[in-house]
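Trainee: Protein chains in written order, with the numbering used here: chain A, 174 to 462; chain B, 174 to 462.
No lab work stands behind these hints, which were simulated from the structure alone.
Keep in mind that a hint or two might mislead.
For identical chains, the list gives no copy identity; a pair is met inside one copy or between any two copies.
Stated by the list, open to error - Derived SDA-like pairs (lysine to any residue); straight-line CA-CA distance at most 25 Å:
{"#": "1", "residue 1": "Lys245", "residue 2": "Glu450"}
{"#": "2", "residue 1": "Lys436", "residue 2": "Arg254"}
{"#": "3", "residue 1": "Lys245", "residue 2": "His195"}
{"#": "4", "residue 1": "Lys436", "residue 2": "Leu176"}
{"#": "5", "residue 1": "Lys436", "residue 2": "Gly197"}
{"#": "6", "residue 1": "Lys245", "residue 2": "Gly273"}
{"#": "7", "residue 1": "Lys245", "residue 2": "Glu188"}
{"#": "8", "residue 1": "Lys436", "residue 2": "Phe251"}
{"#": "9", "residue 1": "Lys436", "residue 2": "Gly180"}
{"#": "10", "residue 1": "Lys436", "residue 2": "Ala218"}
{"#": "11", "residue 1": "Lys245", "residue 2": "Phe448"}
{"#": "12", "residue 1": "Lys245", "residue 2": "Gly437"}
{"#": "13", "residue 1": "Lys436", "residue 2": "Met174"}
{"#": "14", "residue 1": "Lys245", "residue 2": "Ala218"}
{"#": "15", "residue 1": "Lys436", "residue 2": "Gly219"}
{"#": "16", "residue 1": "Lys436", "residue 2": "Val185"}
{"#": "17", "residue 1": "Lys436", "residue 2": "Gly256"}
{"#": "18", "residue 1": "Lys245", "residue 2": "Glu390"}
{"#": "19", "residue 1": "Lys245", "residue 2": "His435"}
{"#": "20", "residue 1": "Lys436", "residue 2": "Glu188"}
This is what each chain is made of:
There are 2 protein chains.
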Amino acid sequence: MILSDPGKELTVRAEHACCGGHVGFYSHASRTLGLEAHFAVFMPAGATQARRAPVIHLLAGLTCTEETFLIKSNVIRFAARHGIALVATDTSPRGAGVPGEDESYDLGTGAGFYLDATRAPWNAHYRMGSYVAEELPELTQRLFALDGTRRGIMGHSMGGHGALVHALRAPQAWKSVSAFAPIVHPAVVPWGEKAFSTYLGQDRSAWARHDATLLLEAGHTHPTTILIDQGDADQFLQTQLRPDLFSNAAARAGQALRLRHHKGYDHSYWFIQSFIEDHITHHAAILTA
Amino acid sequence: MILSDPGKELTVRAEHACCGGHVGFYSHASRTLGLEAHFAVFMPAGATQARRAPVIHLLAGLTCTEETFLIKSNVIRFAARHGIALVATDTSPRGAGVPGEDESYDLGTGAGFYLDATRAPWNAHYRMGSYVAEELPELTQRLFALDGTRRGIMGHSMGGHGALVHALRAPQAWKSVSAFAPIVHPAVVPWGEKAFSTYLGQDRSAWARHDATLLLEAGHTHPTTILIDQGDADQFLQTQLRPDLFSNAAARAGQALRLRHHKGYDHSYWFIQSFIEDHITHHAAILTA
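Next comes chain A alone, as it looks inside the complex (with noise of 0.2 Å):
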């Protein structure tokens, strides 16, 4: 599945066989965080180094792996129908040794809100945004048969927050982008103050460009439609989520937006798969045109 790995950058944890296409799980020694790093990929059948696949980024949320959202998702099968990779990154470093990462489950080890920590001592090892926006991008290019200029990025929840974050900042490098119930104001509800104040500190003003609903307000936009799933039932919906806020700014700023509202759903990979289909179609239509 590797096309090539002249150096041995990667270690190759797990390759199966998937739906016509490959899953593999590789860790490898990150430049950026400083540590071993896990990820998957998988890749559909056909690709090869004179015809590249487009590919999507898969960010899950708190607690998750690079695994979650491949396997809970149902997303495999449809990427393999439109001949689209994924690469599906971990949620967090692993082994930072920072005091507390493992205490818990909304701040440290698997929840990474795939930023750069600016803080001591987290600043050492939390850099997923570096490596979420570069190093992974860069380093799937080059050993496997992904066409970058045809790249999407899809999150859920915390993973949500992080797709239409370097969505809005990097429009050109990610082509299409769409989240499950995505946290879409971080510096607003609880999960974001308590992940913002702890990896960037108290000043606000710098938590702006980790926050979709502010980046909107700053003038950042994407030039394609921004699609977004959301189950009304989400046990999250009114203390963590508030795509209203989300709504509402992209009305302001003139970015394009589909959000449906999902009744009886919650925040589930449950909810996910019900309406996985629809978002590769989303992407597809953008990265296959």
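Fit chain B to the supplied structure of chain A, relying on the hints for placement.
Mentor: Here is chain B on its own, set in the frame of chain A:
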């Protein structure tokens, strides 16, 4: 999702909207196991007391729980499409307190082999055979909108063994049957020899009714075609699974069998999710005809 539970037999652990229907996780005091038991149910949209849904029982493999097959196989989307319900069984009693039951992955907890143990101390609680054949179908049909006259069974690995054995022993109860990478002849492979000698004792004549290949040889058949998918890169193919032994016995018994070998696929749920749609189509053709 529960049709009625006047005796308050069930504890609802969680219920989630999924693919237009609902998936729920329940526990109850099992009289067969003498312990609290877990199971899960997917009910498709539109099933009511007056319009009951056909149902497929799912049996998972070693180390799994009642959640594994549902979340990792992609099965729900296809069951929903055909209006078919699913009942997912746990793989063993939990907390039976038998010395050694937690020491190995292939015996005891997570490894009940869907049979009734006859040897002490296992026989006090390890009675998954009667639980799958009698208590769980009776309970779920009484409390959910299921049509017990249209009931199929499907499993993976140890659960494939369970599905084949239960369907061959009671073809009038289980109208359709399929398996992924089943243990087809446990009496002659290490997993089965370890489990059978522990649960049933050394007298191999007592093993025959728990072995799908021996059941075929004893004259048990199923009136429908049995569908089996097997990966040819399955790490357990030659040591534990041996579908060729079942295929030979089926030919001698006149049992219709569709055994498909898949190049490059292994024993994992990545394999199952690649071919699950065909299994639901197979069951639907019988159960919804």
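Trainee: Should lysine 436 paired with arginine 254 be assigned to within, between, both, or neither, using CA atoms and 25 Å as the limit?
Mentor: between (28 Å within a copy, 19 Å between copies)
Trainee: Evaluate lysine 245 and glutamate 188 at a C-alpha cut-off of 25 Å and name the case that applies: within, between, both or neither.
Mentor: both (17 Å within a copy, 16 Å between copies)
Trainee: First find the shortest C-alpha distance between lysine 436 and phenylalanine 251 inside one copy, then the shortest across copies, and answer within, between, both or neither for a cut-off of 25 Å.
Mentor: Both ways: lysine 436 and phenylalanine 251 sit 24 Å apart in one copy and 21 Å across, limit 25 Å.
Trainee: Could you place lysine 245 and glycine 273 in one of the four classes (within, between, both, neither) given a Cα distance threshold of 25 Å?
Mentor: Answer is neither; intra-copy 29 Å and inter-copy 32 Å both fail.
Trainee: Cα distance capped at 25 Å. Does lysine 436 pair with glycine 180 within a copy, between copies, both, or neither?
Mentor: neither (50 Å within a copy, 30 Å between copies)
Trainee: Please sort lysine 436 with glycine 197 into within, between, both or neither, judging by C-alpha distance up to 25 Å.
Mentor: between (35 Å within a copy, 17 Å between copies)
Trainee: How would you classify lysine 436 and glutamate 188 at a CA-CA limit of 25 Å: within, between, both, or neither?
Mentor: Cα proximity of lysine 436 and glutamate 188: across copies only (14 Å, versus 38 Å in one copy).
Trainee: Since the copies are identical, ignore which copy is meant and state whether lysine 245 and histidine 435 lie within 25 Å (CA to CA) inside a copy, between copies, both or neither.
Mentor: Both, since 19 Å and 23 Å are each at most 25 Å.
Trainee: I want to check one pair: lysine 436 and glycine 256. Are their C-alpha atoms no more than 25 Å apart within a copy, between two copies, both, or neither?
Mentor: Classified as between; 20 Å across copies, 31 Å inside a copy.
Trainee: If the cutoff is 25 Å on CA atoms, where do lysine 436 and methionine 174 land: within, between, both or neither? Let me know, please.
Mentor: Answer is between: at 16 Å across copies they meet the 25 Å cutoff, but 40 Å inside does not.
Trainee: Using 25 Å as the alpha carbon limit, work out where lysine 436 and alanine 218 are close: within a copy, between copies, both or neither.
Mentor: Cα proximity of lysine 436 and alanine 218: across copies only (13 Å, versus 36 Å in one copy).
Trainee: Could you place lysine 245 and histidine 195 in one of the four classes (within, between, both, neither) given a Cα distance threshold of 25 Å?
Mentor: Both, since 16 Å and 16 Å are each at most 25 Å.
Hint check: violations occur at hints 6, 9 and 18; the rest are consistent with the structure.
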